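Produce the entire structure from the sequences given, and follow the hints as far as they go.
Number of protein chains: 2
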Amino acid sequence: MARRGYLLLGCGKNNTHGLQLKSYWEDDEAVATWEPKEHHLAFPGILNGGIIATLIDCHGTGTANAAAHKDAGDTNQHSMHVTGRISVKYLRPTPLNRPLTLRAHVTEMNENKITVSCDLYSNDTKCATGEVVTVRVDQALFLKSK
Amino acid sequence: MARRGYLLLGCGKNNTHGLQLKSYWEDDEAVATWEPKEHHLAFPGILNGGIIATLIDCHGTGTANAAAHKDAGDTNQHSMHVTGRISVKYLRPTPLNRPLTLRAHVTEMNENKITVSCDLYSNDTKCATGEVVTVRVDQALFLKSK
Chain A
281 MARRGYLLLG
291 CGKNNTHGLQ
301 LKSYWEDDEA
311 VATWEPKEHH
321 LAFPGILNGG
331 IIATLIDCHG
341 TGTANAAAHK
351 DAGDTNQHSM
361 HVTGRISVKY
371 LRPTPLNRPL
381 TLRAHVTEMN
391 ENKITVSCDL
401 YSNDTKCATG
411 EVVTVRVDQA
421 LFLKSK
Chain B
281 MARRGYLLLG
291 CGKNNTHGLQ
301 LKSYWEDDEA
311 VATWEPKEHH
321 LAFPGILNGG
331 IIATLIDCHG
341 TGTANAAAHK
351 DAGDTNQHSM
361 HVTGRISVKY
371 LRPTPLNRPL
381 TLRAHVTEMN
391 ENKITVSCDL
401 YSNDTKCATG
411 EVVTVRVDQA
421 LFLKSK
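Line by line, the protein sequences give chains A and B. Heads up: the first sequence begins at 281 in our numbering, then just goes up one per residue. Heads up: the second sequence begins at 281 in our numbering, then just goes up one per residue.
Because the hints were derived from the structure by calculation, they are not lab data. Mixed in with the good hints, there may be bad ones.
Same chains, same names: a pair is fine if it fits in one copy or spans any two.
Using 30 Å as the maximum straight-line C-alpha spacing, the simulated BS3-like pairs for lysine-lysine come out as follows [said to hold, decoys possible]:
#1 Lys424 <-> Lys317
#2 Lys393 <-> Lys350
#3 Lys350 <-> Lys317
#4 Lys369 <-> Lys302
#5 Lys424 <-> Lys393
#6 Lys393 <-> Lys369
#7 Lys369 <-> Lys424
#8 Lys317 <-> Lys406
#9 Lys406 <-> Lys393
Please read these numbers as outputs of a predicted model, since none were measured by experiment.
Structure below.
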């Protein structure tokens, strides 16, 4: 399926400590692959659940922002979507020694909120499934709000 | 309040890339403090939501395992509790430039499942709240299951 464009993600390509997740569209599904490092373990050979939540959060907000920009036809908006709520269900231990694939799609979208469903696979086995509810914020106000 | 003992946490004190979270009991509440590093950002000055989920996951499972051991009066059990489901609600941006406090307590406990509620504070401001549902697994079988 054709790649329609890369998404910007929370971790950011310039954060050398970040997860450096890269995503692309496959039709209406946003897909990302990522390779765990040895220190991302929870137990020997098993990926940490917090890292899984971080991947789903990053890929979920990236998908929401890309969907919002696509919908508005404008990539220079003053608003952005940030995570309001995340839930992750861990279906089985996720192996540490092979690449993972994240597959996300928008399940609900209105002016102020975009909800994204995101599954994580090791080979063809679904290891975790999550939902990210993002809320629209004014970018300048949000960055000043801390 | 008296400290009753340190908990073991997912990130592990020997993982130099880990978050090195340390927890202790204050009566029936498990408390941890943690200081963000500059590269844990989501945006300038604001902590990444995935790191927040990781902290709540680690502190939640640490609390569940400590509560299980305390309840059983036996720290050498062959079972342990791992995360089955986590949900986090982000209430406001979490500042990056000061220590955070996590406060957790057990809300439900039976033979196979322990649920923990966990709040994250910056100074006295609650920035995020989460729930971690942990499930009891046989340690040896779980570690072989990947």
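* State whether the alpha carbon distance between Lys317 and Lys406 is at most 30 Å within one copy, between copies, both, or neither. => For Lys317 and Lys406, the Cα distance is within 30 Å only inside one copy (20 Å; across copies 32 Å).
| field | Up to 30 Å CA-CA - Lys317 versus Lys350, copy category | value | neither (33 Å within a copy, 34 Å between copies)
query = Which holds for Lys424 with Lys317 at a C-alpha limit of 30 Å: within a copy, between copies, both or neither?
reply = between (34 Å within a copy, 19 Å between copies)
Please sort Lys406 with Lys393 into within, between, both or neither, judging by C-alpha distance up to 30 Å. Both. Shortest intra-copy (27 Å) and inter-copy (22 Å) distances satisfy the 30 Å Cα cut-off.
* Up to 30 Å between alpha-carbons, please classify Lys369 paired with Lys302: within, between, both or neither. => both (23 Å within a copy, 25 Å between copies)
inquiry  = Within a copy, between copies, both or neither: which one fits Lys393 and Lys350 at a CA-CA cutoff of 30 Å?
reply    = Classified as within; 15 Å inside a copy, 43 Å across copies.
* Since the copies are identical, ignore which copy is meant and state whether Lys369 and Lys424 lie within 30 Å (CA to CA) inside a copy, between copies, both or neither. => between (33 Å within a copy, 20 Å between copies)
| Same-copy or cross-copy closeness of Lys393 to Lys369 [CA-CA at most 30 Å] | Cα proximity of Lys393 and Lys369: in one copy and across copies (22 Å, 14 Å).
- prompt: Between Lys424 and Lys393, at a C-alpha cutoff of 30 Å, which is it: within one copy, between copies, both, or neither?
  reply: Close inside one copy (21 Å), not across copies (41 Å); limit 30 Å.
When each numbered hint is compared with the structure, a violation occurs for hint 3 only.
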